[in-house]
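Peer 1: All chains, please: the whole structure from these sequences, using the hints.
In terms of the numbering used here, the sequence shown opens at residue 1 and continues consecutively.
Please note that a few of the clues may not be correct.
Across the chosen pairs, the derived CB separations fall in these ranges [unchecked claim]:
1. T35 / S141: 17 to 25 Å
2. Q235 / K131: 24 to 32 Å
3. P104 / V136: 39 to 47 Å
4. M61 / Q3: 16 to 24 Å
5. H132 / Y66: 22 to 30 Å
Below, a list of computed lysine-lysine pairs in the DSSO-like style, where the Cα atoms sit at most 30 Å apart [what the hints assert, rightly or not]:
6. K234 / K75
7. K266 / K234
8. K131 / K234
9. K266 / K17
10. K116 / K234
11. K266 / K217
12. K116 / K217
Bear in mind the hints are in silico, worked out from the structure with no lab data behind them. By construction, the Cβ of each residue, glycine as well, lies at the ideal position given by its N, Cα and C atoms.
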Amino acid sequence: KAQISQAARYSLLGGGKRVRAVLVLAACQLAGGDTAAAADYAAALEMLHCYSLIHDDMPCMDNDDYRRGRLSCHKQYGEATALLAADALVTAAFEAVANAPTHPQSRVQAAAHLAKAAGARGMLYGQELDKHYETVHASESELLELHAHKTGALIIRPVAADLGCDAAQADDALCTVLQHYAAELGLVFQIVDDILDVTATTEELGKPVGSDAENDKTTFITLYGLEGARSLAKQHNDAALAALADLGPEADFLREMAVELLTRSK
1 KAQISQAARY SLLGGGKRVR AVLVLAACQL AGGDTAAAAD YAAALEMLHC
51 YSLIHDDMPC MDNDDYRRGR LSCHKQYGEA TALLAADALV TAAFEAVANA
101 PTHPQSRVQA AAHLAKAAGA RGMLYGQELD KHYETVHASE SELLELHAHK
151 TGALIIRPVA ADLGCDAAQA DDALCTVLQH YAAELGLVFQ IVDDILDVTA
201 TTEELGKPVG SDAENDKTTF ITLYGLEGAR SLAKQHNDAA LAALADLGPE
251 ADFLREMAVE LLTRSK
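Peer 2: Here it is, written out as structure tokens:
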């Protein structure tokens, strides 16, 4: 088996919360779709997320040696193999979407949503801003812009909801509600990430802590303080729950998911 495939599997199957994939499936189910049909979309989103983590960890980016409690991909396999493994995951993601057992129009929409979210207008722009603000202090609006593109290191943002809606071919009104929920949830995720970077241990998170302060990065902690960041996370969590107000008990799983992400410890 090719080493780049081994390295890709090492990173992709090495644990993680799978929040993005779960959100795809939950949105599809809420919209009345077949979650089995959405599984390939969920897998594609995880592949794209994983590729971004491999790149983020490399010396030219965040230079982190550990991810999910073990050596990051470039430390385990070398930089060249890690780079190729990440590239392999990008192409595999779109292959998964192209071959998904869904309606052709659904596959086209899903591919478009993934490409837009992961490309130069989405995640990659967020990564560019992330590097820029390592040396320049970010204002509140600039930090929010950064995380609007690079929330939680990729696409917990509306694209997860979009893919679920694509799989179910849901109506526009429900898609708008789920997009709002996902956008708020994404900010909760990132704010809690910043909180854990100063309150948790490396063992708890499975990755280095304190790196934001070491790199003098602007975070929600540096802007708001610890208690202010916790309050802000609660505000966005409340907004996520409010978006679901008219959906009834069918949305209870998404409500529980929001609370879990707000109170997580790793």
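Peer 1: A separate judgement is required for each hint: does it hold in the structure or not?
Peer 2: To see whether the hints hold, each was checked on the structure:
| no. | hint | verdict |
| --- | --- | --- |
| 1 | T35 / S141: 17 to 25 Å | 38 Å, violated |
| 2 | Q235 / K131: 24 to 32 Å | 28 Å, holds |
| 3 | P104 / V136: 39 to 47 Å | 45 Å, holds |
| 4 | M61 / Q3: 16 to 24 Å | 21 Å, holds |
| 5 | H132 / Y66: 22 to 30 Å | 25 Å, holds |
| 6 | K234 / K75 | 36 Å, violated |
| 7 | K266 / K234 | 17 Å, holds |
| 8 | K131 / K234 | 27 Å, holds |
| 9 | K266 / K17 | 9 Å, holds |
| 10 | K116 / K234 | 29 Å, holds |
| 11 | K266 / K217 | 20 Å, holds |
| 12 | K116 / K217 | 26 Å, holds |
Of the numbered hints given earlier, the model fails hints 1, 6; all others are met.
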